[in-house]
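K.L.:
Top line first, the protein sequences correspond to chains A and B.
Numbered by our numbering, the letters in the first sequence go through residues 1 to 115 in order.
Numbered by our numbering, the letters in the second sequence go through residues 116 to 227 in order.
Honestly, the hints are just simulated from the structure, not real lab data.
Fair warning: there could be bad hints in the mix.
To be verified - Capping the alpha-carbon separation at 30 angstroms, the derived lysine-lysine pairs in DSSO-like fashion look like this:
id, chain 1, residue 1, chain 2, residue 2
1, A, LYS42, B, LYS172
2, B, LYS172, A, LYS71
3, A, LYS42, B, LYS168
4, A, LYS42, B, LYS185
5, A, LYS15, A, LYS57
6, B, LYS172, A, LYS5
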Amino acid sequence: QQQVKQSPQSLIVQKGGIPIINCAYENTAFDYFPWYQQFPGKGPALLIAIRPDVSEKKEGRFTISFNKSAKQFSLHIMDSQPGDSATYFCAARRSGETSGSRLTFGEGTQLTVNP
Amino acid sequence: DAGITQSPRHKVTETGTPVTLRCHQTENHRYMYWYRQDPGHGLRLIHYSYGVKDTDKGEVSDGYSVSRSKTEDFLLTLESATSSQTSVYFCAISESRRTYEYFGPGTRLTVT
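If we strip away everything but chain B, and leave its shape as in the complex, we get:
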């Protein structure tokens, strides 16, 4: 998985609790992305980062926030988890905006 780790790999949480997912890369790539994968929707971009402290919204950003204080780490936070945020979350990285995206192993999040 191209030097990308995600933690935790599985998490079950209750509605209304905050949740933070971590993506760590060892490739020193500039761009990092968070996607969610749901049946019938493919992968949808939540947020992305184009450098330390530089982030922007994707297609489905409501209810999510991100932070990137170091090149290697990109955090996704659900401030108050809802059942609609039950999904598999994938982190991805790319070296530049014109190169391929490489995906991490994913985090399966269940909100009960």
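Chain A on its own, in the form it takes in the complex:
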């Protein structure tokens, strides 16, 4: 079962636009929410992450907004650039795990930023 739902599947914006990718989760035991960025032919790379005790986190042009009551979180990319064109994955990790991080991933969003 897919415990993390991600939307949209694909997204096209113009340079300078602010793409927004949304994720919703079901399991209230999740306690860590990372976003990964993946370029073609490469493995996913950690982009930014948030814990549920804060509502927003910014790192450079990337911002995560977190709504614990709605069980939703989203990634915003400010002043998007063609180099941001990649596939983005949200993920969630359950607390209380004794063996490994056990990330659950969303389905991914393919972002294209046109020049």
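Given chain A's structure and the hints, the job is docking chain B onto it.
P.N.:
Relative to the frame of chain A, chain B by itself:
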């Protein structure tokens, strides 16, 4: 890719043949993971290891087995490959259960 290599990077095999994928790390991290990536499914955990000879199943473990005889190596074996196992396989490592996972470059496996 954080000191993670995967081999082979590409493989084409026939249905019914055994296949072993290797993940090697130079970070001395305790945890290692195998994921598969398929369109529309994101990444799904196959198996993971929390130490030498300590492994456990993930979300999609049927048809796969793993072994870890050394800290640096984690092997994924498809005992009898099927077309449904055509996928891109990623190895990942983490230092502890509460730190980030770092991913390798992936292995593209095609089962014909």
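K.L.:
All the hints need checking, so say for each whether the structure fits it.
P.N.:
For each hint, the structure was consulted:
A hinted pair counts as satisfied when its Cα atoms are at most 30 angstroms apart, and A/LYS42 with B/LYS172 qualifies at roughly 25 angstroms. Proximity of B/LYS172 to A/LYS71 is assessed by CA-CA distance (about 27 angstroms); at most 30 angstroms being required, the pair is judged to hold. Between A/LYS42 and B/LYS168 the CA atoms are separated by roughly 28 angstroms; this keeps the pair inside 30 angstroms, and the hint holds. With a C-alpha separation of about 25 angstroms, the suggested pairing of A/LYS42 with B/LYS185 holds against the 30 angstroms cut-off.
Annotation: proposed proximity of A/LYS15 to A/LYS57 holds, straight-line Cα distance about 23 angstroms (limit 30 angstroms). Restraint check for B/LYS172 and A/LYS5: the C-alpha separation of about 23 angstroms stays at or below 30 angstroms, so the hint holds.
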